[in-house]
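**Student:** One letter stands for each residue in the lines below.
Protein chains: 2
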Amino acid sequence: MEKYKPCCKEEQDFLREYNPSQFSPIAVTVDAVIFGIEKDNVDNYRKLDEQSIKVLLVKRDDYPYKDCYSLPGGFVLEGETLEDSLRRTLKSKTGLTNVYSEQLYTFGEVDRDPRMRVISCAYISLLDTQKAKIKNAIWMNLDCIKELRMAFDHGNIIEEAIKRLRGKINYTDIVFHMMPEEFTISELQQVYEKILGEKLLAPAFRRTISDKLEDTGKMTGNAGHRPSRLFRYKK
Amino acid sequence: MEKYKPCCKEEQDFLREYNPSQFSPIAVTVDAVIFGIEKDNVDNYRKLDEQSIKVLLVKRDDYPYKDCYSLPGGFVLEGETLEDSLRRTLKSKTGLTNVYSEQLYTFGEVDRDPRMRVISCAYISLLDTQKAKIKNAIWMNLDCIKELRMAFDHGNIIEEAIKRLRGKINYTDIVFHMMPEEFTISELQQVYEKILGEKLLAPAFRRTISDKLEDTGKMTGNAGHRPSRLFRYKK
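Keeping their order, the protein sequence lines are chains Y and S.
Quick note on numbering: the numbering used here labels position 219 of the first sequence as 219, and the sequence is numbered without any gaps.
Quick note on numbering: the numbering used here labels position 118 of the second sequence as 118, and the sequence is numbered without any gaps.
Rather than coming from a laboratory, the hints here were simulated on the basis of the structure.
In this text, a Cβ means the ideal position worked out from N, Cα and C, and glycines have one as well.
You may find that some hints are simply not true.
[As the list claims (entries may be wrong)] Below, a list of computed lysine-lysine pairs in the BS3-like style, where the Cα atoms sit at most 27 Å apart:
hint: 1; chain 1: Y; residue 1: K5; chain 2: Y; residue 2: K59
hint: 2; chain 1: Y; residue 1: K5; chain 2: Y; residue 2: K234
hint: 3; chain 1: S; residue 1: K93; chain 2: Y; residue 2: K5
hint: 4; chain 1: Y; residue 1: K168; chain 2: Y; residue 2: K199
hint: 5; chain 1: Y; residue 1: K194; chain 2: Y; residue 2: K218
hint: 6; chain 1: Y; residue 1: K5; chain 2: S; residue 2: K235
hint: 7; chain 1: S; residue 1: K59; chain 2: Y; residue 2: K5
hint: 8; chain 1: Y; residue 1: K235; chain 2: S; residue 2: K163
hint: 9; chain 1: Y; residue 1: K163; chain 2: S; residue 2: K212
hint: 10; chain 1: Y; residue 1: K212; chain 2: S; residue 2: K163
hint: 11; chain 1: S; residue 1: K5; chain 2: Y; residue 2: K59
hint: 12; chain 1: S; residue 1: K131; chain 2: S; residue 2: K235
[Said to hold, decoys possible] Footprint (simulated), chain Y over chain S, 3 or more residues, beta carbon under 8 Å:
hint: 13; stretch: 99-108
hint: 14; stretch: 113-120
hint: 15; stretch: 189-198
Turn these sequences into a full structure, and let the hints steer you where they fit.
**Tutor:** Right, dumping it as structure tokens:
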């Protein structure tokens, strides 16, 4: 933004005498719900590998909520935009850079942090786990979140992020941020099913998704089941 | 949320000694982009009244941006959630209560307010202007926003709100928050056209929208043009 210019002497005085400490202290944080997909190796070699939706968590080693799991994030510092903060905290807490992110929602419950009033601007991020180099963070199976001791309202933030993802996958191409470069239609269908929480009919799925896909001309080489055609996302 | 219980003496000490003033002062505001529809009376009595999309603005009577137009909004106070703040500021600045609102986006540019660091959580609201009782605020034609002296980054926030509205009207029923109780399909089509910024084909529009409408059994009584069937939103 352009630097603001006071219009007159009165306004100059007003701004000089403005006391930012008149309000009770408040802090703003950013938190990221980072989703990825990982293959669980299934015992039965004739079956398609099961895939799970994962969310990236960090174990807290300080009070409050020590030893609980939390979303990677941190305080917005002076001179930083929200996106600057997100980049800095993701890099320092997970090692990640260049992650696709969009704002999810801002959480402002009064007592959500026992330290002080903290309002958190949450982001939703999707990435290809095969490419992402992670440090100090853990890919947690989404199904396990309810069993974990989660810090703050982060369990609730994750739930909201899943709702958003569920609402968006049918009318946006957001899901492809999570997919590897090349994948079979069955793998893609399984990801949709995991996110939507319901089984889809293969012919209908193929029909609706085909416009977004490009044939790589390659086939899977897995032993055990028939080779399948590999596709990539058509941008 | 449940009240947080420290797990041990160390954590109690940590929280008691936590200094909320260690960060440089930051404030959080809420701002609402409130959309409505109003009929412009057209001279030609044989024509359908033109409708315009309006946004509700407040003229600032204090520094900074004195005499500029701004979105209704204000600072989030101690003990208030974001939604509490929104309700309070909308009531005091516009007289409105019970407005349909959803979060739009949180704006965190570093220099967006000359008083201090202010992060604003913006909401998008839609209402039926025939029912809304407004005080101290002005319904401004959307086309005029660019000509006005707008406070802060509020012009930009309005642009983002229009993009969101444009993105959502085809896959949600959000638009009906703006419509009067009873309306003709032509009036509804005109609202869609104003929001999307393009002409729509009447038969295609009727086909896609008909599932959402219920025939009231009534007809318009306007002189000058043929009576039209009145519909209401089928919830």
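**Student:** The structure should be examined with respect to each hint, and the outcome stated for every one.
**Tutor:** Hint check results:
Restraint check: the Cα-Cα separation between Y/K5 and Y/K59 comes to about 46 Å, which exceeds 27 Å; the hinted pair is violated. For the hint pairing Y/K5 with Y/K234, the CA-to-CA distance comes to about 48 Å; that exceeds 27 Å, so the pair is violated. Distance restraint check for S/K93 and Y/K5: the Cα-Cα separation of roughly 26 Å lies within the 27 Å cut-off, and the hinted pair is therefore satisfied. As the CA atoms of Y/K168 and Y/K199 are separated by approximately 17 Å, the hinted pair is consistent with the 27 Å bound.
Restraint check for Y/K194 and Y/K218: satisfied, since their Cα atoms lie roughly 26 Å apart, inside the 27 Å limit. For the suggested pair Y/K5 and S/K235, the alpha carbons sit about 50 Å apart, so the restraint of at most 27 Å is broken. At roughly 19 Å between alpha-carbon atoms, S/K59 and Y/K5 fall within 27 Å of each other, so this suggested pair holds. The straight-line distance between the Cα atoms of Y/K235 and S/K163 is roughly 22 Å, inside the 27 Å bound, and the hint therefore holds.
Distance hint between Y/K163 and S/K212 is fulfilled; the C-alpha atoms sit about 24 Å from each other, no more than 27 Å. Taken as a hint, the Y/K212 and S/K163 pair is honoured in the structure, with Cα atoms around 24 Å apart against an allowance of 27 Å. Proximity of S/K5 to Y/K59 is assessed by CA-CA distance (about 19 Å); at most 27 Å being required, the pair is judged to hold. With a C-alpha separation of about 19 Å, the suggested pairing of S/K131 with S/K235 holds against the 27 Å cut-off.
For a cut-off of 8 Å, the count of residues in the stretch 99-108 of chain S with a CB near a CB of chain Y stands at 4, and the three-residue condition holds. Counting residues of the stretch 113-120 of chain S whose C-beta lies closer than 8 Å to any C-beta of chain Y gives 5; at least three are required, and the coverage claim holds. Note: the stretch 189-198 of chain S has 0 residues with beta-carbon separation from chain Y under 8 Å; the three-residue rule is not met and the coverage is violated.
Of the hints listed earlier, those the structure fails to meet are numbers 1, 2, 6, 15, in rising order.
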